[in-house]
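Given the sequences, and given the hints that come with them, work out the whole structure.
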Amino acid sequence: MWNWKTGGLALGLVFFLAVMLVKPIGVSTQFVILDGIIWDAINPEVVTQTEDGKYTSINAYLAKSGGKYAKNIANPLNYSFVFVIAMMIGALISAALRGWVRPEERMMPPIWRANFGDSAAKRYLAAFVGGFIVLFGARLAGGCTSGHMMSGIMQTSLSGYLFALAAFSAAIPLALVMYRKEG
Amino acid sequence: MSHIILALVIGALFGFVLDRIGATNPQYILKMLNLTDMHLAKTILLAIGVGSVLIFGGQMLGIVDVGHMSVKATHLGVVVGGFIFGIGWALSGFCPGTGVCAAVTGRKDALFFIAGGLLGAAAYMAVYADVKASGLLDKIAGGKVTLGTIPGSKYHGITELPGDVVGIVLGLMFIALAFALPERLRGAEEGAGATQPAE
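Quick mapping for you: the protein sequence lines, in order, are chains A and Z. Numbered continuously in the numbering used here, the first sequence closes out at residue 183. Numbered continuously in the numbering used here, the second sequence closes out at residue 199.
Watch out, some of these pointers could steer you wrong.
Dumping the calculated DSS-like pairs for lysine-lysine here, alpha-carbon to alpha-carbon at most 25 Å [unchecked claim]: (1) Z:K132 with A:K68; (2) Z:K154 with A:K64; (3) Z:K144 with A:K64; (4) Z:K139 with A:K23; (5) A:K122 with Z:K108; (6) A:K54 with Z:K132; (7) Z:K144 with A:K23; (8) A:K64 with Z:K139; (9) A:K71 with Z:K132; (10) Z:K132 with A:K64.
No lab work stands behind these hints: they were computed from the structure. These figures come from a predicted structure and were not determined experimentally.
Right, here's the structure in full:
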């Protein structure tokens, strides 16, 4: 693993590169886009094209901002969706080069095991519920760690600071209570 | 098409770096949040600082297009949503980007995080109309605003200060903060050996 100096420099460069060449990095919207793709595959009425070539949806969230989410659902080969697929490829390459996660850590990190025991079901439930809460909160806030906290603060955006303050003021006290043993 | 190639290259770089800094490992996220290992926090602070200095320095030199900025709206939902986000973050040890990357490195718990995330995003889609009607998403403090007024930007500043200079000064402060932040903020656990997982 890289130390924080190398890692911070590399991470900062990637965020800068994204702004210079295209636009700031963001991830959580793509959970909505994937939901929309799945939903539209089941029910083709979900996303439709209007006569003037624009896209809209029966869902108010997908139809908002002139149908930009609806458009991306209809055309999954767009920048932001491909970006997240590419993130997975990048992480895959890194893991392949360094060696994959050790078998005993695949179900849970040591700190979880130290505090809550060996039950995989318990960890999976926490990860599932945590995922639900994280994405619901991120969508309400309009972004997540990458979009609000990193890209936002980097651009001196007021909303980025507010998001980071709110997120840490919930996460740190909860983590202090949940993870008393260090693992 | 060139945008797709850029998405592939920058996205892959981002995923690669997220894995290399340990962000795909919930162990490090949780040890940052319980204040026992701040290396990830130092990494994030340095990255924000470096990014900020380069973005605004680049704007001053004319090599970064101010129009590439994308500032998100300020509303009460940012605070409420951020707080909700923080609860799930501490519960799971993943955020959206690190979760999807963690899954491909072999973490099974990350797959459950993604499944929960897809459901959580769908739940928001279902209640969006009500959330909007509640006024939670109404703009406050001017909506899409930056701390200073950035030359050539379509976003308003909440102060008259030159926004690019503000960005560079704050960037340098984040870099200093990254160096100043101790490796751990909580006292060492009594009788516990240093059991850092080998990576």
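Status of each hint after checking the structure:
1. Z:K132 with A:K68: Satisfied, since the Cα-Cα distance of roughly 17 Å is no more than 25 Å.
2. Z:K154 with A:K64: Given that 25 Å is the threshold and the Cα spacing comes to 21 Å, the pair holds.
3. Z:K144 with A:K64: The hint holds at about 17 Å.
4. Z:K139 with A:K23: holds (23 Å)
5. A:K122 with Z:K108: holds (13 Å)
6. A:K54 with Z:K132: holds (23 Å)
7. Z:K144 with A:K23: holds (16 Å)
8. A:K64 with Z:K139: Measuring from Cα to Cα gives roughly 16 Å; hence the hint holds.
9. A:K71 with Z:K132: holds (21 Å)
10. Z:K132 with A:K64: Satisfied, since the Cα-Cα distance of roughly 11 Å is no more than 25 Å.
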